Amino acid sequence: MHELSIAATVVEDVLGFAEARGIGKVVCVRLAIGELTCVQTEQLKFCYESVTRETALADSQLDIESVPACVKCANCNYEGPPKYWMDSLSEAPVPTLQCPECGKATEAARGHECAIKSIQYAA
Amino acid sequence: MINTQPMTPVIEAKPEEIYDIELEHSLLEANAKIARANRALLDEHGITAVDIMGAIGSGKTTLIGRLVERLKIKCGIAVFNGDATVAADTELIASQGVPVVQIATVNGCHLDANLVGKALKSVKLTSLDLILIENIGNLICPAEFPLGSRSRMVVVSVTEGPWMVKKHPHMFLGADLVVINKTDLAEVMSVRVEQLVNDVHTLKPDLRVIPASCKTGAGLDEIAALLAPEKAAANA
Chain A
912 MHELSIAATV VEDVLGFAEA RGIGKVVCVR LAIGELTCVQ TEQLKFCYES VTRETALADS
972 QLDIESVPAC VKCANCNYEG PPKYWMDSLS EAPVPTLQCP ECGKATEAAR GHECAIKSIQ
1032 YAA
Chain B
255 MINTQPMTPV IEAKPEEIYD IELEHSLLEA NAKIARANRA LLDEHGITAV DIMGAIGSGK
315 TTLIGRLVER LKIKCGIAVF NGDATVAADT ELIASQGVPV VQIATVNGCH LDANLVGKAL
375 KSVKLTSLDL ILIENIGNLI CPAEFPLGSR SRMVVVSVTE GPWMVKKHPH MFLGADLVVI
435 NKTDLAEVMS VRVEQLVNDV HTLKPDLRVI PASCKTGAGL DEIAALLAPE KAAANA
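As given, the protein sequences belong to chains A and B, one line each in that order.
Going by our numbering, the first residue of the first sequence is number 912, and it counts up by one from there.
Going by our numbering, the first residue of the second sequence is number 255, and it counts up by one from there.
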């Protein structure tokens, strides 16, 4: 449940921003979560609800945008979506770091995001 | 941008009174920053730290014990032992006469850079070349929290069944070395070690995988050789 520590960080940081900028009511917090992180959206929402209770963020909404992975291959210069691992046992396709073109190891250029993208507030 | 998902029951401000601030603020940055500081401190002392991750019961502690046996004569070694509450593992390794720091996360499911930073303050860095950091037994949560180590090693054992790699892809995508442990039990468990190796390579083709057994000693010298720091390569 690292989602709990992430939710706690969201609350701490948003409350900090709100105070620093004199924002009264935060209506919505938007997060960007990369496909290559192991952050579960539903768990994060649940944790957010729990940790915002009795804070100034209590009625705020949490929107989570998923950031698709992008990989770069140093061998064949491929740049784009990763190769997915899918077989009869798979519940969902698993992103890999294998190059979809040449099969060599790639580096993830995108997909590790775990960030507050924006906050929406009422003046 | 106006919020298009009308899920929240009561929002009192009217749309024209709602404002957006773009932040692009990383939630993992606080940990990452401390991890970089840890790394800088380690580099300054020419110390290699290895973050050892794996499920509960994968054999991390036993493996660390075997590696300490092999490495303590060659270099200054310390072990940081992340455990939610129990100190039994710490004592087991401390009996080998190397400095051991227990990092109790209480209910935390992963170590973080801050805890490791505190542990670094409690050992004599000038007498060390290698720190083995045993993370909390968990194959998911530690993935997002770098500690400042030079490399990350994942220990997976055949007793965890044939699907462990596939079930926990993130841990392997971020690893630098994988140990497949308890290979002496592969036959009893009807688990094919080659299959686990293939699974790792499906996820990350260039990842080094070493099948090992703490019982027979297979693979242990190879792992120890990889971890043994090259003193000549100490940072400028």
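Treat the hints with caution; some may be incorrect.
[Said to hold, decoys possible] Taking lysine-lysine pairs in the DSS-like style, the calculated list, with each CA pair at most 25 Å apart, reads:
hint : chain 1 : residue 1 : chain 2 : residue 2
1    : A       : Lys1015   : B       : Lys421
2    : A       : Lys1028   : B       : Lys287
3    : A       : Lys983    : B       : Lys378
4    : B       : Lys287    : A       : Lys1015
[What the hints assert, rightly or not] Covered stretches of chain B, going by a simulated chain A footprint (3 or more residues, C-beta under 8 Å):
hint : stretch
5    : 277-285
6    : 389-402
7    : 412-419
Please keep in mind that the hints were generated in silico from the structure rather than gathered at the bench.
Every value quoted in this text rests on a predicted model; they were computed, and no experiment measured them.
All C-beta atoms in this analysis are idealised placements derived from N, C-alpha and C, irrespective of residue type, glycine included.
Verification of the hints:
The suggested pairing of lysine 1015(A) with lysine 421(B) holds, with an alpha-carbon distance near 22 Å, which does not exceed 25 Å. With a C-alpha separation of about 19 Å, the suggested pair lysine 1028(A) and lysine 287(B) falls inside the 25 Å cut-off, and the hint holds. Restraint check: the Cα-Cα separation between lysine 983(A) and lysine 378(B) comes to about 41 Å, which exceeds 25 Å; the hinted pair is violated. Restraint check for lysine 287(B) and lysine 1015(A): not satisfied, since their Cα atoms lie roughly 31 Å apart, outside the 25 Å limit.
Restraint check on the stretch 277-285 of chain B versus chain A: 7 residues with Cβ-Cβ distances below 8 Å, three needed, restraint holds. With a threshold of 8 Å between beta carbons, the proposed coverage of the stretch 389-402 of chain B by chain A holds, since 5 of its residues qualify and at least three are required. Counting residues of the stretch 412-419 of chain B whose CB falls under 8 Å from any CB of chain A gives 1; the rule of at least 3 is not met.
When held up to the earlier numbered hints, the structure conflicts with 3, 4 and 7 and fits the remainder.
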